[in-house]
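Peer 1: Okay, here's what each chain looks like letter by letter:
Number of protein chains: 2
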Amino acid sequence: MHLSERIISMPSSPMRKLAPFADAAKQQGKKIYHLNIGQPDIATPENFMLAVKNFNEKVLAYSSSQGMPQLIDAIIKYYKKYDMHFEKDEVLITNGGSEALLFTLQAIGDYNDEIIIPEPFYPNYNGFANMAGIKVIPITTKAEFGFHLPEREVIEQKITNKTRAILLSNPGNPTGVVYTKEEIMLLADIAKKHDLFIIADEVYREFVYSDSGYTSFGNIKDIEDRVIMIDSVSKRFSACGARIGAILSKNKELIAQILKFCQSRLCCPTLEQIGATELFNVSDKYFEEVINEYRKRRDVVYKGLQEIPGIICQEPKGAFYVIAKLPIEDAEDFVKWLLTDFHLDNETIMLTPAKGFYATPNSGLDEVRIAYILNEDDLKQAMHILKVALDTYPKKK
Amino acid sequence: MHLSERIISMPSSPMRKLAPFADAAKQQGKKIYHLNIGQPDIATPENFMLAVKNFNEKVLAYSSSQGMPQLIDAIIKYYKKYDMHFEKDEVLITNGGSEALLFTLQAIGDYNDEIIIPEPFYPNYNGFANMAGIKVIPITTKAEFGFHLPEREVIEQKITNKTRAILLSNPGNPTGVVYTKEEIMLLADIAKKHDLFIIADEVYREFVYSDSGYTSFGNIKDIEDRVIMIDSVSKRFSACGARIGAILSKNKELIAQILKFCQSRLCCPTLEQIGATELFNVSDKYFEEVINEYRKRRDVVYKGLQEIPGIICQEPKGAFYVIAKLPIEDAEDFVKWLLTDFHLDNETIMLTPAKGFYATPNSGLDEVRIAYILNEDDLKQAMHILKVALDTYPKKK
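Chains as they are written, first to last, in the UniProt record's numbering: chain A, 1 to 397; chain B, 1 to 397.
Derived from the structure by calculation, the hints contain no laboratory data. It is possible that some hints are incorrect.
[Unchecked claim] Covered, in the sense of this in silico footprint (three residues per stretch, anywhere, with C-beta under 8 Å from a C-beta of chain B), are these stretches of chain A:
no.	segment
1	37-46
2	97-107
3	136-148
[To be verified] Listed next, the in silico DSS-like pairs over lysine-lysine satisfying Cα-Cα at most 30 Å (straight line):
no.	chain 1	residue 1	chain 2	residue 2
4	B	Lys88	A	Lys336
5	B	Lys142	B	Lys325
6	B	Lys387	A	Lys252
7	A	Lys135	B	Lys58
8	A	Lys250	A	Lys192
9	A	Lys58	B	Lys31
10	B	Lys252	A	Lys17
11	B	Lys252	B	Lys158
12	A	Lys26	B	Lys88
13	B	Lys30	A	Lys58
14	A	Lys296	A	Lys81
15	B	Lys250	A	Lys58
16	B	Lys142	B	Lys396
17	A	Lys387	A	Lys17
18	B	Lys250	B	Lys135
19	A	Lys88	B	Lys31
20	B	Lys17	B	Lys387
21	B	Lys142	B	Lys192
22	A	Lys17	B	Lys58
Beta carbons: idealized from backbone N, C-alpha and C, even for Gly.
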């Protein structure tokens, strides 16, 4: 049977493809510290389930294709705190940030159009681009420079008459980079000059650990008609299983067009929207505590990495990831070996080989992504295990 | 700003585009009998919310990309009742039947490939094909013949080297047709001969009101590797707001490939999957009652239509829709007029003009879709209003 090129050419998830080896290790009784997925252990605010449990309609009916009005209002209110002012017809609720990305790509590009993304990047960007038939053109960034952007010329070289948008996550998954104000303004200027959209994936907006601040594309008045904000409750409120995201843009025509996609899939789930509405009402104290917790974890991981000879990485400034260059040839082999051939007192760690975060072939082969989503003690132990494992690994450089 | 061809060319939902006129009519104090949307008034089985309310995990975490194991097991068990035997790696849980359709189209076709669909059809088929860049090639069916399929030659004429699949809903939305065993076997034979997939949207499987039985594509052993079953809990359990659907196929390679799409959007919502699992445990008595209710409603609507001079329609045999040809020129004008210029004792009805269910231009202009999702008394009154309205309408043929 004939299957489509787009699906055949799509790579498997780099976060999930080594899962069978982890399962086998667990069956052998090994304890695994999972640093490979972005599933936080932070409790979801209780008001989510309280709101859901209060639902007492007899019929679980379709809701509005755009999203439930109370959730849209809650999101608008949340954005006001950041001095971003969206109106009701500038917001669409989606099935997670995932659907927000897919709909956005389908709205701005046709088959063989191009989008520019700094690599390493969240690999599902590739997945959605594949579905949409759009080509990903990477701008390579490096561990040595903390994954900051190259200069203007390098970026502009990538722009063709097929380029439709620049897509990036800030703070960055998988790198932990927080782009400087200068970088954001540079991209804004390039977008304006070349008539491109900026697809700003800011789902980790709150998770910034440096004092040098955070610049959102949503605050640049001059390009507001070309900024498409991708959002999600998953990480912000530790509610990954809710699958509630959003698209926001001051470009009303774009939102009106994407609403047609929303109408074709009818609506997002009712209960999850009811719960998500309450998430936006959590206190600022909730964020303070959560960010504090992640900052401590970031410190543990970064300190642990610094103590291992031969590792290259700069201090990550945001989100809850870091990409580290290891003193090895083949990170995928190393990660597999950690699961199949190594243990320290019957414990091991699981990391994500970074290869899958690059669009340029043979890039990031010696890099791994570490998600610091465990408590401090577990992270300390995990870093210790990494150190011992790198000492033991037979194929060390 | 440049938007994609695929989104610009996508029509708005025919079910939703007259909504502003309905809102205006309501503001004038008119009561509207809504026959225009497929949102049943039947209560969702209580065990859905009971299961959701029992959720007490601290973290609302990602679930499996494929779908939660207990839901997959429940669906497999449900299918066994119909003598269809799926294994765990032959099922994917999706965000409604909507995502099941989108992923399936993206998996079987590339840009400019073609799928064949009998028209009038569920207009979101068009939406998903648009998103995927796939062309819809219609086979026209007629009210006069109860929307049954034309003969083999007419169907085979539509097949080119770009054709990838035949997609159809059975029982049919919007027509209420239930295809005969001969029709199903004919399509199976054509699919085999021309190496096509059959995308079988059988979400209304239980809603069959004739004694002549129902033939599922899932029971044709000979073509099991080319049948892709689209399913959803929305109509079967009156749980439209849950947005839980499924793709099932004995073609394991296809399922393994589509799993990559599922992984890219991470998972479906956790709570809705927990609730949906329990839906599949409702008793057969639930279905008997619901089907009995819909049969009575079908009878009221069909009897009402028969009593109106000049209406052409055959008795609908399944789902909860009927398409009727009215003695008018322009159904869209008529539907709008019903909302803006007509009332009977301050009451009116809302219907869906059928034009949007056709891919062939200028088809179905004098037809409307009626969804019989109100109680019998309301439906009787609605049919009475339709009769009076047609008598009154100034542009009657």
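Peer 1: Hints first: check each against the structure and report whether it holds.
Peer 2: Do the hints match the structure? See the list:
{"no.": "1", "hint": "37-46", "result": "holds (count 7)"}
{"no.": "2", "hint": "97-107", "result": "holds (count 5)"}
{"no.": "3", "hint": "136-148", "result": "violated (count 0)"}
{"no.": "4", "hint": "B:Lys88 x A:Lys336", "result": "holds (26 Å)"}
{"no.": "5", "hint": "B:Lys142 x B:Lys325", "result": "holds (10 Å)"}
{"no.": "6", "hint": "B:Lys387 x A:Lys252", "result": "violated (41 Å)"}
{"no.": "7", "hint": "A:Lys135 x B:Lys58", "result": "violated (40 Å)"}
{"no.": "8", "hint": "A:Lys250 x A:Lys192", "result": "holds (15 Å)"}
{"no.": "9", "hint": "A:Lys58 x B:Lys31", "result": "holds (22 Å)"}
{"no.": "10", "hint": "B:Lys252 x A:Lys17", "result": "holds (18 Å)"}
{"no.": "11", "hint": "B:Lys252 x B:Lys158", "result": "holds (28 Å)"}
{"no.": "12", "hint": "A:Lys26 x B:Lys88", "result": "holds (22 Å)"}
{"no.": "13", "hint": "B:Lys30 x A:Lys58", "result": "holds (25 Å)"}
{"no.": "14", "hint": "A:Lys296 x A:Lys81", "result": "holds (25 Å)"}
{"no.": "15", "hint": "B:Lys250 x A:Lys58", "result": "violated (36 Å)"}
{"no.": "16", "hint": "B:Lys142 x B:Lys396", "result": "holds (21 Å)"}
{"no.": "17", "hint": "A:Lys387 x A:Lys17", "result": "holds (24 Å)"}
{"no.": "18", "hint": "B:Lys250 x B:Lys135", "result": "holds (26 Å)"}
{"no.": "19", "hint": "A:Lys88 x B:Lys31", "result": "holds (27 Å)"}
{"no.": "20", "hint": "B:Lys17 x B:Lys387", "result": "holds (24 Å)"}
{"no.": "21", "hint": "B:Lys142 x B:Lys192", "result": "holds (26 Å)"}
{"no.": "22", "hint": "A:Lys17 x B:Lys58", "result": "holds (27 Å)"}
Taken one by one, the earlier hints fail for this structure at numbers 3, 6, 7 and 15, listed in ascending order.
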